[in-house]
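Listed in order, the protein sequences are those of chains A and L. Mapping the first sequence onto our numbering, position 17 (from 1) lands on 17, and the numbers just tick up by one. Mapping the second sequence onto our numbering, position 65 (from 1) lands on 174, and the numbers just tick up by one.
Keep in mind that the hints were calculated from the coordinates and are not lab data. A hint or two may mislead.
Here are the simulated DSBU-like cross-link-like pairs (lysine-lysine), alpha carbons at most 35 angstroms apart as the crow flies [said to hold, decoys possible]:
{"#": "1", "chain 1": "L", "residue 1": "LYS209", "chain 2": "A", "residue 2": "LYS57"}
{"#": "2", "chain 1": "A", "residue 1": "LYS57", "chain 2": "L", "residue 2": "LYS112"}
{"#": "3", "chain 1": "A", "residue 1": "LYS57", "chain 2": "L", "residue 2": "LYS178"}
{"#": "4", "chain 1": "L", "residue 1": "LYS112", "chain 2": "L", "residue 2": "LYS178"}
{"#": "5", "chain 1": "L", "residue 1": "LYS112", "chain 2": "L", "residue 2": "LYS209"}
{"#": "6", "chain 1": "L", "residue 1": "LYS178", "chain 2": "L", "residue 2": "LYS209"}
Far from chain L by the CB rule (all over 12 angstroms, computed), these chain A residues [stated by the list, open to error]:
{"#": "7", "residue": "GLN6"}
{"#": "8", "residue": "GLY16"}
{"#": "9", "residue": "GLN17"}
{"#": "10", "residue": "GLY28"}
{"#": "11", "residue": "SER65"}
{"#": "12", "residue": "ARG73"}
{"#": "13", "residue": "SER79"}
{"#": "14", "residue": "GLU82"}
{"#": "15", "residue": "VAL108"}
Bear in mind that the values here come from a model prediction, so they are computed numbers and not experimental data. We treat Cβ as the ideally placed atom computed from N, Cα and C, and that holds for glycine.
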Amino acid sequence: KAGVTQTPRYLIKTRGQQVTLSCSPISGHRSVSWYQQTPGQGLQFLFEYFSETQRNKGNFPGRFSGRQFSNSRSEMNVSTLELGDSALYLCASLSGGAFFGQGTRLTVV
Amino acid sequence: DAKTTQPNSMESNEEEPVHLPCNHSTISGTDYIHWYRQLPSQGPEYVIHGLTSNVNNRMASLAIAEDRKSSTLILHRATLRDAAVYYCILSNAGGTSYGKLTFGQGTILTVHP
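Make a model of the complete structure from these sequences and hints.
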């Protein structure tokens, strides 16, 4: 089985722009979670989707949003980027345990 | 969310067993104990999980205390590739927060040649 695929792997954006990150879960997995990882805050939960519905949401501002499609692929969007949004964004596909992708490294300049 | 407590760091020598402890005194009856590890510049990697009984897989063993208030991840023969941050996390498989994993600071494992 192919693992979790996140695209792109690296991204550089300017403050004020918006960005969309993509995640393809393991085939057959219907639940996808997103996390932000920074040196200062560690790994923080953003949101979880199951069958196209947001099931859980972390404590992030409304600039962070996501969605899930009928094929379980998920996207997350960050609008009006700030310097503090620079981070590694990780997606996990859930079935028993959580299986993480390699992440998207976002740098906001 | 029920909380876990782990030592900040541990050291081991290559080819020796490593026992990584985790305390979770407020665990609820439906909380599963999960372990993940994260190597530098990679996403977290699932290691093992269990509910009440000890569990073994090709990567590690999980020993769960009888009262479930603590657990130990056992790496039977540490290798240099096992050097990583190890996270112990509780996940309520039957609850609405199933997909929400709360990561603490984890234990930084250093393996010496």
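Quick rundown of the hints versus the structure:
no. : hint                   : result
1   : LYS209(L) to LYS57(A)  : 8 angstroms, holds
2   : LYS57(A) to LYS112(L)  : 18 angstroms, holds
3   : LYS57(A) to LYS178(L)  : 27 angstroms, holds
4   : LYS112(L) to LYS178(L) : 11 angstroms, holds
5   : LYS112(L) to LYS209(L) : 13 angstroms, holds
6   : LYS178(L) to LYS209(L) : 21 angstroms, holds
7   : GLN6                   : 8 angstroms, violated
8   : GLY16                  : 28 angstroms, holds
9   : GLN17                  : 24 angstroms, holds
10  : GLY28                  : 16 angstroms, holds
11  : SER65                  : 17 angstroms, holds
12  : ARG73                  : 16 angstroms, holds
13  : SER79                  : 23 angstroms, holds
14  : GLU82                  : 22 angstroms, holds
15  : VAL108                 : 19 angstroms, holds
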